[in-house]
Structures are given as C-alpha cells and as structure tokens.
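Starting from the given sequences, assemble the full structure and let the hints guide the process.
Same order as they appear, the protein sequences are chains W and R. Note that the first sequence covers residues 1 to 329 in the working numbering. Note that the second sequence covers residues 330 to 500 in the working numbering.
Since the hints were derived computationally from the structure, they do not count as laboratory data. Backbone N, C-alpha and C define an ideal beta-carbon position, used for all residues, glycine too. Treat each hint with caution, since some may be false.
[Claimed, not checked] With a straight-line cut-off of 35 Å between C-alpha atoms, the simulated DSBU-like cross-links for lysine-lysine are:
1. 34/W x 46/W
2. 34/W x 80/W
3. 66/W x 34/W
4. 46/W x 62/W
5. 456/R x 309/W
6. 327/W x 456/R
[Said to hold, decoys possible] Pulled from the structure, derived: some chain W residues nowhere near chain R, Cβ distances all over 12 Å:
7. 11
8. 23
9. 34
10. 39
11. 50
12. 51
13. 205
14. 276
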Amino acid sequence: MNESINIPWLVGSLVAAIAFVALNASMLVWLERKVAGHIQRRIGPKEVGPFGLFQSFADGLKLMSKQLIVPECSDRILFKVAPLLVMVPAIMSFVVIPFSENLVARNINIGLLVIFAFASVNVLGLLLGGWGSANKYAVISGARAVSQNVAYEIPMLVTVVTMIMVTQTMNLNEIVLQQPDIFHWYIFRLNASPLMPVAFLIFFVCSMAETNRAPFDLGEAESELVAGFHTEYAGMGFGLFFLGEYANVFIGCSLATILFLGGWQSPFGVFPGVWWFLLKVYTLIFVVMWARWTFPRTTLYGLLNLSWKILIPISLFNLVLTGVMLKVF
Amino acid sequence: MLITFYIAAAVAVIATLLMLTRVNAVHALLYLIVSLLAVAVVFFLLGAYFVAALEVIIYAGAIMVFFVFAIMLLNLGPEAAGQERQWLAEEFVPGPVALTLILMAELLFVLLRGSVAPPALGAVTPKQVGVALYGPYVLAVELASLLLLAGLVGALHLGRREVRERQGGKR
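See the structure below:
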C-alpha cells in the first residue's frame with residue numbers, strides 16, 4: 001500500500017507461474033519415470049516423442065479428456081475445492097521465489113514466512129480431499145498427511161529460525177545476495193554454526209516429508225490405502241493433486257537452494273543468473289527422486305519417531321548452538 | 330486499497346456468521362478458516378505483513394489442522410448435525426445476541442468518540458515486532474511460554490499413562 005504495485009507485472013508473473021508449474025510438473029513426471037526406469041534397469045517411457053519426452057503431455061491430454069466423477073456420498077463442494085486448495089497456494093508461493101536478482105514477482109520482506117504460510121494451507125487441501133470423498137482409505141490418508149506435516153513442520157521451522165538468526169533477514173533475495181560464491185554458501189559457513197551441513201540435511205529431509213514424497217509417502221501408501229487421499233478422484237481432479245505435489249517439490253528444493261546453496265549466485269562468482277538457480281534446484285529434485293527409488297517406504301511410527309526423536313532434538317540443539325556462536329563471535 | 334479492505338472485512342464478517350450457523354461441524358470450521366484468512370488480509374492491508382503471515386501460519390494452518398483433526402475423530406454424522414440443530418434452536422438465541430449487542434454498543438461508542446488507531450502506521454517490520462516482544466512485553470512472552478509448558482507437561486502425562494496401561498495389559 002505504501003510502495004507502488006505494478007499490476008501488469010504481478011498478473012504476468014502469476015500467469016508465468018501457472019505455466020511454469022504445469023510445464024515443470026510434466027517434465028518432472030517424465031524425469032521421474034526415466035530415473036525410476038534407469039534405477040531399476042529399465043528404459044522408462046520411450047515411445048512418444050524423442051526419448052519419450054512427450055509422454056506426459058499425452059498423459060495430460062488423457063487426464064483432461066476424462067470425466068470428473070463425484071462420488072454419491074461425498075461432500076460435493078469440499079470434494080471439488082480440495083484440489084484447488086492444493087494447487088493455488090503452490091502457485092502463490094512462486095510469487096516470492098527469486099529466480100534471479102530481478103526475476104522475482106514480488107520481492108517482499110517476509111518472503112520466507114509467506115512461503116510457509118501458503119504451505120500450511122496446502123495441508124488443508126489434502127485433509128479436505130480425504131474427508132470430502134467420504135472414503136475410509138481417503139480419510140485415513142488425510143489424517144496421516146496432517147500428522148506427518150505437523151510433525152515435520154517443527155524441525156523445519158526451527159531450522160529456518162536458525163537460518164533467520166544467521167542471515168538477519170527474511171527477504172529471500174537478500175539471503176541469496178549474502179552468498180556470492182561457494183565458500184559463502186550457508187551450507188559451508190561453519191563459523192556461523194558447525195552444524196550447518198546437518199541443518200541443510202534436516203531441512204531437506206523435512207521438505208521431502210512435507211511434500212509427502214517417498215520414502216515418506218505414507219499418505220498414499222498403495223499397499224494399504226489404495227491411492228490415499230486421491231482415491232476417489234478421476235481425471236484432472238487427480239491431475240491437480242499431482243501438479244500440486246510437483247510444484248511443492250520444486251518449492252521445497254528452491255527454498256533449500258536459496259537458504260543453503262546460494263540461490264541464483266554462481267559457485268565461482270561469475271555469470272550469476274537464473275540458470276544456476278535452475279541447475280541447483282533440479283539437482284536437488286534429482287536427489288529427491290533418487291531417494292524415492294532407493295529407500296523403501298517407512299512405517300508411520302518410524303516416520304514420526306524420526307521427526308520427534310531425532311530431527312527435533314538436533315535442530316533445537318543447532319538453534320541453541322547457533323545462538324551461542326552468534327553471541328560469542 | 331480501501332475497497333480491498335472493505336471486501337476483506339465483509340468476507341470476514343459473513344464467514345463468521347456462516348460459521349456460527351452451520352450445523353455441519355467441518356463446514357463451520359472451514360468458514361472459521363476463511364474468516365481468519367480474511368482477517369489476515371486486513372492485517373496485510375494495514376501494513377502488518379508479519380502479523381498477517383503469522384495469522385495464516387498459526388491460525389489458518391496449525392491450529393485449524395489440529396482442530397479439523399479433533400473434529401474428524403469425533404463421530405460426525407446425521408445425529409451430530411441434528412444435535413447441532415437443537416443447539417441452534419430459538420430459545421438459545423437471546424443470550425448470545427444480548428452479549429453481542431453490548432459489544433456492538435461499546436464498539437459504536439469507541440468509533441463515534443473517534444479514539445481509533447490510525448488506519449495505516451506504515452509497514453511494521455519483523456524486527457520491530459521482535460524488539461517490542463522482548464522489550465516491553467517480555468513478561469507476556471514468558472507467561473505464554475509457561476502456558477505452553479503446562480500443555481506440554483499435560484500431554485506427556487496423558488501419553489505416559491497410556492503406555493503404562495498397555496504394558497500392564499500385556500503382562
């Protein structure tokens with residue numbers, strides 16, 4: 001209200017964010033299937049287009065042409081709103097992510113908090129999808145998704161608080177500006193806290209769990225819950241959940257990049273720009289996929305124990321340690 | 330910007346009204362979340378970006394998630410809706426309405442006297458909030474943390490008793 005808001009720029013960047021989410025998801029689905037294939041000594045999709053590149057577009061067309069079936073006993077409105085509640089916050093988060101120094105829709109001072117605010121709405125979408133479809137498996141899955149998100153939000157936020165203490169700002173672009181080359185990346189700033197790499201690991205694991213990715217995909221454990229919260233969804237209803245998941249994976253990895261790996265800054269201090277950002281983010285996304293096809297799914301208790309008994313104590317210790325280091329040095 | 334304020338305020342009021350009158354508990358909760366989100370927008374428009382973000386994270390996010398969780402564990406169904414309908418019966422209306430009218434009169438009095446905070450103080454930065462919290466209001470922060478500690482101890486106590494019983498049952 002006190003700064004001038006450039007409406008065309010904001011609308012343009014929202015449209016760009018939507019386009020990017022769709023394109024990103026379709027490419028990531030292709031990549032996921034390729035990675036899965038090669039990890040399991042298969043080839044993966046190869047028929048549609050070169051290297052099967054257009055496979056996900058074909059799948060997308062199929063999903064869009066399918067009928068949207070709303071189950072008889074479901075809560076009709078909630079059932080239809082839930083996919084949007086997953087999708088819209090994911091797109092809104094893109095507004096504050098700095099892709100490069102000037103390529104950010106709204107360089108807001110509390111960018112980090114804004115992303116977490118939208119992420120907390122996202123969980124509601126999963127829960128409502130599960131509850132609205134009035135299906136036992138979907139309800140169980142929704143409850144699981146919530147308990148998982150609540151459990152992993154704590155170590156994640158504690159780690160983020162540690163980072164805010166070190167960076168002294170919540171503006172994502174300023175955090176990136178503080179990391180001009182590889183020695184100044186926060187993951188290697190051992191003088192800020194000797195546990196920085198551990199903090200990165202905690203953040204990364206938490207963001208994997210927050211986005212319900214394997215090995216933490218308890219919400220959609222096919223062997224027990226059919227397909228979890230999206231059991232009853234057909235066509236693009238399911239497609240939106242899927243798009244939202246990949247958008248959230250991207251947001252989680254880009255936050256890890258911005259906080260710990262220097263964002264759009266180059267590791268050698270030359271040619272900073274959007275390509276470095278995308279390179280780092282997609283490398284992290286590759287690691288996420290690698291983890292998915294390497295580790296078996298954990299049990300629910302194993303998952304919650306990991307958070308409450310290991311990640312939370314370590315992240316709290318790191319918080320105190322960082323505070324002491326900041327005070328002493 | 331004034332228009333956006335009025336829209337957000339209207340959404341908040343309407344959502345709160347709907348929240349009060351729904352018989353389905355989950356629908357009521359969702360209207361409560363909508364109302365809280367609208368209040369967050371109002372905060373944002375007043376320049377309190379930090380409070381707006383916290384409002385979404387704490388209320389619309391964490392507490393609502395727990396709330397919806399608790400509701401789901403209750404046995405909801407036609408009977409619960411019927412019970413709720415009974416509670417909304419006419420003989421229960423006068424009490425709350427009288428209390429609300431008192432609040433309304435107070436609000437009108439304050440508004441007419443003109444002793445209202447200026448609409449825009451400029452953007453409040455997180456640093457200012459932190460300095461205020463740990464400066465003049467440090468006692469309140471400590472009291473709040475004590476309250477949370479009580480909750481934590483209570484949860485620990487409940488959890489421990491259950492574990493002991495389960496082990497006892499095994500033997």
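Taking the hints in turn, this is what the structure says about them:
1. Simply put, residue 34/W and residue 46/W have alpha-carbon atoms about 9 Å apart, close enough for the 35 Å limit, and the pair holds.
2. Between the alpha carbons of residue 34/W and residue 80/W the distance comes to roughly 32 Å, so the proposed pair stays at or under 35 Å and holds.
3. With a C-alpha separation of about 25 Å, the suggested pairing of residue 66/W with residue 34/W holds against the 35 Å cut-off.
4. For the hint pairing residue 46/W with residue 62/W, the CA-to-CA distance comes to about 18 Å; that is within 35 Å, so the pair holds.
5. At roughly 32 Å between alpha-carbon atoms, residue 456/R and residue 309/W fall within 35 Å of each other, so this suggested pair holds.
6. Distance restraint check for residue 327/W and residue 456/R: the Cα-Cα separation of roughly 18 Å lies within the 35 Å cut-off, and the hinted pair is therefore satisfied.
7. The claim that residue 11/W lies off the interface holds: its Cβ sits roughly 16 Å from the closest Cβ of chain R, which is beyond the 12 Å cut-off.
8. At the 12 Å boundary, the C-beta of residue 23/W stays outside the reach of chain R, the nearest C-beta of that chain being 28 Å off.
9. Distance check on residue 34/W: its Cβ is at least 35 Å (rounded) from any Cβ of chain R, clearing the 12 Å threshold; non-interface status holds.
10. Under the 12 Å C-beta cut-off, the non-interface status given to residue 39/W relative to chain R holds; the minimum distance is some 34 Å.
11. Distance to chain R confirms residue 50/W as a non-interface residue, since its nearest Cβ pair spans about 43 Å, more than 12 Å.
12. With a cut of 12 Å on Cβ distances, residue 51/W stays outside the contact zone with chain R, its closest approach being about 41 Å.
13. The Cβ of residue 205/W sits about 20 Å from the closest Cβ of chain R, beyond the 12 Å cut-off, so the non-interface label holds.
14. Under the 12 Å C-beta cut-off, the non-interface status given to residue 276/W relative to chain R holds; the minimum distance is some 28 Å.
The structure fails none of the hints (numbered hints given earlier).
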